[in-house]
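K.L.:
Chain by chain, the residues run as shown.
Protein chains: 2
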Amino acid sequence: MDYSQTLIPSDTWSSSCTQMGALRLPYLTSIFAVSSGRTSVFPRGIKQLSVRKHTSAAKVLAKITPATEVAPAESSNQKPPVQEQGITPRSQDFNAWYLDVISMAELADYGPVRGTMVIRPYGYAIWEAIQDYLNIKFKETGHSNMYFPQFIPYSFIEKEASHVEGFSPELALVTVGGGKELEEKLVVRPTSETIVNHMFTQWIQSYRDLPLMINQWANVTRWEMRTKPFIRTLEFLWQEGHTAHATPEEAEREAMQMIDVYTKFSYEQAAIPVIPGRKSRVETFAGADRTYTIEAMMGDRKALQAGTSHNLGQNFSRAFGTQFADENGQRQHVWQTSWAISTRFVGGIIMTHGDDIGLVLPPRLASVQVVIVPIWKKANEKNEVLEAALSVKDILHTAGIKVKLDDSDQRTPGWKFNFWEMKGVPLRIEIGPRDVSSRSVVISRRDIPGKPGKIFGISMESSFLIPYIKEKLDEIQSSLLDKAITFRDSNIVDVNSYDELKEAISQGKWARGPWIGSDEDELKVKEETGATVRCFPFDQPPGPKKCLMTGGPADEVAIFAKSY
Amino acid sequence: MDYSQTLIPSDTWSSSCTQMGALRLPYLTSIFAVSSGRTSVFPRGIKQLSVRKHTSAAKVLAKITPATEVAPAESSNQKPPVQEQGITPRSQDFNAWYLDVISMAELADYGPVRGTMVIRPYGYAIWEAIQDYLNIKFKETGHSNMYFPQFIPYSFIEKEASHVEGFSPELALVTVGGGKELEEKLVVRPTSETIVNHMFTQWIQSYRDLPLMINQWANVTRWEMRTKPFIRTLEFLWQEGHTAHATPEEAEREAMQMIDVYTKFSYEQAAIPVIPGRKSRVETFAGADRTYTIEAMMGDRKALQAGTSHNLGQNFSRAFGTQFADENGQRQHVWQTSWAISTRFVGGIIMTHGDDIGLVLPPRLASVQVVIVPIWKKANEKNEVLEAALSVKDILHTAGIKVKLDDSDQRTPGWKFNFWEMKGVPLRIEIGPRDVSSRSVVISRRDIPGKPGKIFGISMESSFLIPYIKEKLDEIQSSLLDKAITFRDSNIVDVNSYDELKEAISQGKWARGPWIGSDEDELKVKEETGATVRCFPFDQPPGPKKCLMTGGPADEVAIFAKSY
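Note that the protein sequences, when read in sequence, are chains B and S.
Residue numbers for the first sequence follow the numbering used here, beginning at -10 and rising by one.
Residue numbers for the second sequence follow the numbering used here, beginning at -10 and rising by one.
Take these hints with a grain of salt, some might be off.
Remember, identical chains collapse to one label, so a pair may be satisfied in a single copy or spanning two.
[Unchecked claim] Here are the computed lysine-lysine pairs in the DSS-like style, where the Cα-Cα straight-line distance is at most 30 Å:
#1 Lys391 to Lys405
#2 Lys391 to Lys253
#3 Lys443 to Lys366
#4 Lys169 to Lys515
#5 Lys459 to Lys126
#6 Lys535 to Lys513
#7 Lys405 to Lys128
Keep in mind the hints are simulated off the structure, nothing from the lab.
All chains should be built: construct the whole structure from the sequences, respecting the hints.
P.N.:
Shown next, in the form of structure tokens:
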């Protein structure tokens, strides 16, 4: 087998062959790792962060290291020589750029099993920020956290017909436990509707037990063939909300409420201007009556389904017999919802805001909002500069700003500038000997690269500095959102015919047009253009419309796009 | 097969047969569930919470419902009639009491797969309180959170000799993924030392990369035969810290630091006076040089290992080749630690503080610290009482106290008193019409049952009430700890001979005595008495000692006890 061929897939992270486990890519980290014999001041191999035009590191190494399903631990002792290269420019190769950012910003690494990932502290901190916000919102809207077992009897999955059809190709099965073959194989949860309903039947007796509104933060497993860090991994982290209600109206309100929570989160915290809407029948969750979604436009203009909320109707309650006695003592099946956001969202943040230099984090989700880089040349300058830097750090920390002082001796200020820019830290504060004399600092905005983003002579006094930094962080947050909205809106084309749709998609844009096409029409569009219906947006243009495909009268426009 | 026989095991929650999956117990909830045709004001079947002397609910139902490995969902439609009974008195049957508390206080339920549990909101909230505290402490001590995949190649487990010996009988194996047999079977993590080391080899190059200090909050799977909710389940939740250091001294300091964090948490938050110490060789973690432990005495005087911290030495770094270049450029293996606390701790809280009435929660870990029960008889009293109750609730809530107002119409105040006492809420506030007139409330302490725990005429004014309630919560917190210390100390016997040890153990107590016995001596004690060395406590009596078994000079005393 010719590894050099198969190891340069277009969608790089995934094994490019369809049969599981035959191939996997080398570790991202090993690409940049220092060779073992060398003591370098750049232990993670980041020597020069300048934008370069040549082949991406991922591709270079793909030719060097043969891969096996489970890479031997010893491979780390056979490190390739340092590649003196930075991040592939986003404009040159979006996918290579994405993988480079994940590797060099230390967000994640491959796990030893194909398609799994290790979420490193800097990447996990983004997920923690997402959790912190959503967890409060879920509780405010009346949900309680709990935990369901991840092992689900195989027979459960089979109970809801469309559910088993949707999930059975992706299941991981435990067949041996404690050294013995199991009588019934167990599914490692791909989602929990089945086990949730099994338990709900025990907790729900009367209308007084409703609504029952719960959430869990958990890992889930889906045996995906084409994987990509954060976006689609064999195991991922998510929250899954599950609710049961006495009426269909209440379930519908809940499903809408939660997609609204996700939308607000996306706009206000992640600065991602998602488009909320309803999925087409074809794209509806396996087991739902209606699926609501938030669709985000990535930097390469592909769509990312960033969160979903399902109105499950009575599909699972009928399959599992989840009933309650209503006020008249009549037994009825409950009406249900489920809704989820996953670590995929972290990938969405990277691909929305990142630029040629690397990661760009929205201040509200950044674990480091401000990095302080002290600058000195002579030994006698060092003390006073560090002292001032530490004092500024303390001032900001006390004010609740997430601040880091990079006071290491081993790197130059220029290296640190590049490093923290690549890591996407929203604001940098520079303090040199002259700043110490003038009791002022220099500030650089990550979202405005180079000189235009620099502001000189900002007073160190806490009464001035604290509100100033907070204001700048807010400005950056707004500016990222505005930029993303402009980008999104300039890449959505209103279309009124299938030809116009094809033209828009072939230009890499999203097409928005009136649609009452059949499931077959929708599949035809997918086959011929690669685009799918992302959603019928909630925000609809007024007036009568004619379906772009059939010419018949249409109530709604749909958005078509290629997607992750 | 005679189900009625096999379904009344002594250690009730576990399947009593040793072959996996042949039997399981009925659901705890179904025991108390209302029959489907009946509309009851007690939807969860808690009709009367008085202490009773007859058979426990768990045992009663064990005779009613036949069990299968995977109980059919439809079983919930065949509910047994309501059992008019409360919690088995702790003094009568500790194990039945424990299961009753877990069921009736709605802490957890059985999952559909034998040995798994569903952690319900009221139980999960205790775990969240544990997480909130520890997560901050871990970060303060320099650790970062991250996430490792749960699927570990089988070959990894085999690399560290004692590790594979310790864990291989307990493994759950994934052998099928995406519809295909896997080339290498995957272990569902029982603990993560192996995969952590696999990744550490890629992140650690030089001494500058050390110490590397991380933690993850995750689920783990161990195929246990004898299970018990919270205490030992097939899947459980925990945190596992993993660190790598340049020197053995630093690793030792870290292992000690973390057992100290656990000890402080136990005393200050959980009010559990654990005894920290070192495990014997026999009881040391599979793959560690030294294991430190915190040992807690439960209400039945059995010991619970409530948290552990391991000095792993170079065992895993040698097995996985986790090396760094020291300051002289020499390659060395890193020195490591790992440490964990799990949902087992929730079981420890129940079994330390609970009493005949039910659960008793330490205020610092209670999700409801204060419950307000409004009392009215006539309709015209209702409004003013509810208004006052709501105002008191707002006052306490604003002050950061976790308060719940039980204003439901469907239960009597007496029922509510019993219910919230059973749920272990530390403080109750009662407000009736006369209290409204006098602008005062009545307070009841959960830790002092009945009249002695009642305090009348407490002013509703926020300037008085807030500090008063905070002080009472602190008093309860201290009082629970003091009570547990007294209980612990009155049940530890100093012994100087094997006969004295046997006598103490046969009385159900802990035996503490000088020990330099061999591994064989230790196993003999276990075989003959059922007790194991829980630890060599850090706190040692001064002076020369003679081993209780061999008579030889001993440096240390060990604690022996029966344990969970």
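K.L.:
Each hint should be assessed against the structure and marked as holding or not.
P.N.:
Here is how each hint holds up against the structure:
no. : hint             : in the structure
1   : Lys391 to Lys405 : within (18 Å within a copy, 45 Å between copies)
2   : Lys391 to Lys253 : both (23 Å within a copy, 27 Å between copies)
3   : Lys443 to Lys366 : within (21 Å within a copy, 70 Å between copies)
4   : Lys169 to Lys515 : between (46 Å within a copy, 28 Å between copies)
5   : Lys459 to Lys126 : both (23 Å within a copy, 27 Å between copies)
6   : Lys535 to Lys513 : within (19 Å within a copy, 86 Å between copies)
7   : Lys405 to Lys128 : between (40 Å within a copy, 24 Å between copies)
Checked against the numbered hints listed earlier, the structure breaks none of them; every hint is satisfied.
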